[in-house]
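Participant: If you want the building blocks of each chain, they are given just below.
There are 2 protein chains.
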Amino acid sequence: MTFSFYSQENHGPFELFNLGDFELKNGDKLRGLSLAYATFGTLAPDKSNAILFPTWYGGSSKSLELAFVGKGRALDPDQYFIILVNQIGNGLSSSPSNNAFPFNAASFPQISIADDVRAQHRLITEKFGIEKLALVLGGSMGAQQTYEWTVRFPDFVKRAAPIAGTAKGTAHNRLLVEVFIEAVTSDPAFDEGWYKEGSVHRGLRRLAHLFAAFGYTEQLFNQRGWSGLGFTSADDFIKGALEAYFVPQDPNNLMLMARKWQNADSSLIAGGDLSTAFARIKAKTFVVAIEEDKFFPLKDIAHEQALIPGSELKLISSIWGHLALLGADPQFNLAIDGILKELLASQ
Amino acid sequence: MTFSFYSQENHGPFELFNLGDFELKNGDKLRGLSLAYATFGTLAPDKSNAILFPTWYGGSSKSLELAFVGKGRALDPDQYFIILVNQIGNGLSSSPSNNAFPFNAASFPQISIADDVRAQHRLITEKFGIEKLALVLGGSMGAQQTYEWTVRFPDFVKRAAPIAGTAKGTAHNRLLVEVFIEAVTSDPAFDEGWYKEGSVHRGLRRLAHLFAAFGYTEQLFNQRGWSGLGFTSADDFIKGALEAYFVPQDPNNLMLMARKWQNADSSLIAGGDLSTAFARIKAKTFVVAIEEDKFFPLKDIAHEQALIPGSELKLISSIWGHLALLGADPQFNLAIDGILKELLASQ
Chain P
0 MTFSFYSQEN HGPFELFNLG DFELKNGDKL RGLSLAYATF GTLAPDKSNA
50 ILFPTWYGGS SKSLELAFVG KGRALDPDQY FIILVNQIGN GLSSSPSNNA
100 FPFNAASFPQ ISIADDVRAQ HRLITEKFGI EKLALVLGGS MGAQQTYEWT
150 VRFPDFVKRA APIAGTAKGT AHNRLLVEVF IEAVTSDPAF DEGWYKEGSV
200 HRGLRRLAHL FAAFGYTEQL FNQRGWSGLG FTSADDFIKG ALEAYFVPQD
250 PNNLMLMARK WQNADSSLIA GGDLSTAFAR IKAKTFVVAI EEDKFFPLKD
300 IAHEQALIPG SELKLISSIW GHLALLGADP QFNLAIDGIL KELLASQ
Chain L
0 MTFSFYSQEN HGPFELFNLG DFELKNGDKL RGLSLAYATF GTLAPDKSNA
50 ILFPTWYGGS SKSLELAFVG KGRALDPDQY FIILVNQIGN GLSSSPSNNA
100 FPFNAASFPQ ISIADDVRAQ HRLITEKFGI EKLALVLGGS MGAQQTYEWT
150 VRFPDFVKRA APIAGTAKGT AHNRLLVEVF IEAVTSDPAF DEGWYKEGSV
200 HRGLRRLAHL FAAFGYTEQL FNQRGWSGLG FTSADDFIKG ALEAYFVPQD
250 PNNLMLMARK WQNADSSLIA GGDLSTAFAR IKAKTFVVAI EEDKFFPLKD
300 IAHEQALIPG SELKLISSIW GHLALLGADP QFNLAIDGIL KELLASQ
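Same order as they appear, the protein sequences are chains P and L.
In terms of numbering that gives the first Met the number 0, the first sequence is residues 0 to 346.
In terms of numbering that gives the first Met the number 0, the second sequence is residues 0 to 346.
I should point out that these hints are in silico values taken from the structure, not numbers from a laboratory.
In this text, a Cβ means the ideal position worked out from N, Cα and C, and glycines have one as well.
Among these hints, one or two may not hold up.
[Said to hold, decoys possible] Over the 10 Å line for every Cβ pair with chain P, so calculated as not near, a few chain L residues:
| hint | residue |
| --- | --- |
| 1 | P44 |
| 2 | L122 |
| 3 | E177 |
| 4 | H208 |
| 5 | A211 |
| 6 | T231 |
| 7 | H302 |
[As the list claims (entries may be wrong)] Short, incomplete list of chain L residues facing chain P, as computed with Cβ under 8 Å:
| hint | residue |
| --- | --- |
| 8 | H171 |
| 9 | L175 |
| 10 | E181 |
| 11 | T184 |
| 12 | Q222 |
Take these sequences, add in the hints, and give me the full structure.
Facilitator: Pasting the structure below:
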């Protein structure tokens, strides 16, 4: 089964880096791991201008490009060599939807954030010969990967910007992701992951409605904040923005990424102690929170930031809530660019 | 079909007031409408000490009693005659679960908040001969009914305390309730409301998980705020508090109340204009918001309060969020009692 949604036409151009068989942290083996990535700009001769940016939940390198990359933006291809890397399971990198039988679909192994980061480390060293990244950044699940980079490969990360995410999931965050998972797996068509393509659309629509209800703020709805994008009603917006985002995707991919999100824990490298894990960090770290975020609340982010030596907490307010990450709020884009430019200018 | 859950043993003692056939606002007729209610204290000879308190979503008169009524509390039976009235559809008053064929189960007519208030008006006038209530109060859907009382029967309400609710649902609130509805109706066992008793428990468990994820705050989970109640883990708490609350209930009852919640709009009495509707209010009104509330956010409540002549906005903070209403937070209980005592002492 292959999903036509995950095509070069929809998400490209992207390239593939083949890592061969890849041993996972849980002891399983992922056969023929392939990481999909897109690059922008030119790697400097001294390789000092590389930025790594892994994807968020359900996003692709194209999503990141549209929301963050461009001339005049903080991530300016004229200045930096920007590597947008697709997380395992997102449909472009090795995923339930594209892996070969018998390790496809519901038989794809469970992946951890640490697996993604270990694979990405091989991409930047083996493919590009990069020994130090000028910046690792990411939003949401991308922040989870960013934190993992800072503690797992501290010497490779000069600067880090985890945005709207945490290093270690809270009990509440795990519950949040559980209701996302239940929305999809409760669809009888899901059939424990052995569904017919396209048949789980009711469950995926419910997932979209949950993201609409909690990914944004009440103010966005009250102020009809979507009208500038051409949407005519809340219902029109929910369909046009979020059903459009989730319904074309592969349910097993989305469930794999959700479990990865749910189990994210960068303290594991230090036996489960977050302070000890954070003591490994050498990067100059700007921790960014969205004040209205209901997925990764400010208080949870601030609690972790206080444990990171030399870090700074940066706040952005947006009626788009957590999903401001997707780039629809020009004020958010300006604010995040300001923060990233300040970080990139620091030594 | 009758659900043993809705018994005198579980929710009593309560009494029934029979209104006969009742014409609904939508033109339908509810045959043999019965309102279940419980009273505490003694009605004064001049009938000046009556308090009316309608139920919230999925609650009963017993829920209100346990959370709000008692010696030394604001609602003290030594001082007041307290009428706890069960909303239509809650399983004690006329409901899909207890109505006679052929108007039972999924064939029960849709009810509006205005229908509840019109029926409650007949209860207090015909049963008790009360012409003016010292206080009408309610939380969540009880606040919706309280607002409806103040605009529909302004001369009957001396004081009003809508708590953690709004008079007119926002687009976001309707979306929130829609995801509640989808959690239950997506269960194939629901079968458009023609289920076998007990078979929809998976959908009801998902509803419980949504209430857990958004009815409380992240801080409650992070601080293990439930441990004082004897729960050992987040999972244990979710089962013991919220699955216990919803799973024994009748799914059609819960869906009827959810639609009523979703369509609540006290501006309809003034052709849809909320300011004109609020101009009818004669009650001294304390509008109470829970600062951390995700079901009825402070900003939405404050927006309405500003339109109510002579009203005051009262804030309570609780890590129990919206579900502080249920009475588990002693600090919330103290705070709400202080507000209600101040209101009851005012002329």
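Participant: Against each hint, give a clear statement of whether it holds in the structure.
Facilitator: Against the structure, the hints:
{"no.": "1", "hint": "P44", "verdict": "holds (47 Å)"}
{"no.": "2", "hint": "L122", "verdict": "holds (34 Å)"}
{"no.": "3", "hint": "E177", "verdict": "violated (6 Å)"}
{"no.": "4", "hint": "H208", "verdict": "violated (5 Å)"}
{"no.": "5", "hint": "A211", "verdict": "violated (6 Å)"}
{"no.": "6", "hint": "T231", "verdict": "holds (12 Å)"}
{"no.": "7", "hint": "H302", "verdict": "violated (8 Å)"}
{"no.": "8", "hint": "H171", "verdict": "holds (4 Å)"}
{"no.": "9", "hint": "L175", "verdict": "holds (5 Å)"}
{"no.": "10", "hint": "E181", "verdict": "holds (5 Å)"}
{"no.": "11", "hint": "T184", "verdict": "violated (10 Å)"}
{"no.": "12", "hint": "Q222", "verdict": "violated (10 Å)"}
Hint violations for this structure: numbers 3, 4, 5, 7, 11, 12, all remaining hints satisfied.
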